[in-house]
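Participant: Protein chains in written order, with numbering that gives the first Met the number 0: chain E, 0 to 140; chain R, 0 to 98.
To be clear, the hints were calculated from the coordinates, so they are not data collected in a lab.
Quick reminder that beta carbons are idealized off the backbone N, C-alpha and C, glycines included.
Errors might be hidden in some of the hints.
[Claimed, not checked] Where chain R lies over chain E, by a calculated footprint (3+ residues, C-beta under 8 Å):
hint	stretch
1	32 to 46
2	67 to 81
3	90 to 99
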Amino acid sequence: MSRRLDGGLGRKLLAAQLTIDETTAMAVAQPDRRSQQVAFWVTGVALYTFWNLGTLIGALTGSAIDPKTFGLDAAFPAGFIAMVWPLFSDPRARMAAVIGGVICLITVPFTPIGVPILLSVFGVLVGLQKPVDAPKIEVAS
Amino acid sequence: MTWTLIILLTLGAYAFKVTGLVFLGGRSLPPIFERCLALIPAAVVTALVMKDTFTNGQDVVLDARALGIAVAGIAAWRKAPLIVVIVLGAAVTALVRQI
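Excised from the complex, chain E in its bound form (with noise of 0.2 Å):
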């Protein structure tokens, strides 16, 4: 995210209180670097607000009601999928997303939560071979 951001120190030490998930994700799909400041600090400034807004309500309102009933556990995957949506123009970034994804479900039995979301990064790997649809020279021969 640093190379998508500006600012002195002070705003980077903002920035990274910031850096989430959806931060990263909301800004890397837009298509320019202005667009993309502004995504990160929207997304950034209205989460934490209303994330903390909602623990707080959670809190006090306890186990009244669950969330499962209004189907709010998918809410969290469906706002991903949104955002993740518009990397997948790239075809690596879709062969990285069924790696990640594969591996994440692969491990998820016998690794301890939180694990195979860190393993998943391996579909990265996939950007070590040079993309395919590169400019490519000609050489006359």
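Position chain R relative to chain E; hints supplied.
Facilitator: Relative to the frame of chain E, chain R by itself:
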């Protein structure tokens, strides 16, 4: 004890993020790293979707969420706005649970 742990974890998590953003920031990396780093969101966010949809603790399960997320996926593919995708995913999941 609980609070000590919470504060320690908070500091750790923040330090981890500051390191990346402030100390490593701006430096350019060899293209091969750049290519790999650019793929992190696709790989990790997809893994998060898989985990949130098909698992329950350490069990791989197939339940109402699968249908909800399938509908959300179709909505995302049809370029529906973010909020529509989220509401559809949640609503379909809730509906399937009612049946």
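Participant: Hint by hint, note whether the structure agrees.
Facilitator: Hints, verified against the model:
1. Counting residues of the stretch 32 to 46 of chain E whose C-beta sits closer than 8 Å to any C-beta of chain R gives 0, which falls short of three, so the coverage hint is violated.
2. Only when three residues or more bring their CB closer than 8 Å to a CB of chain R does the claim for the stretch 67 to 81 of chain E stand; here the count is 15, and the claim holds.
3. Judged by the Cβ-Cβ criterion of 8 Å, the stretch 90 to 99 of chain E is covered by chain R as claimed, because 8 of its residues qualify and three suffice.
Violated hint for the displayed structure: number 1, the only one.
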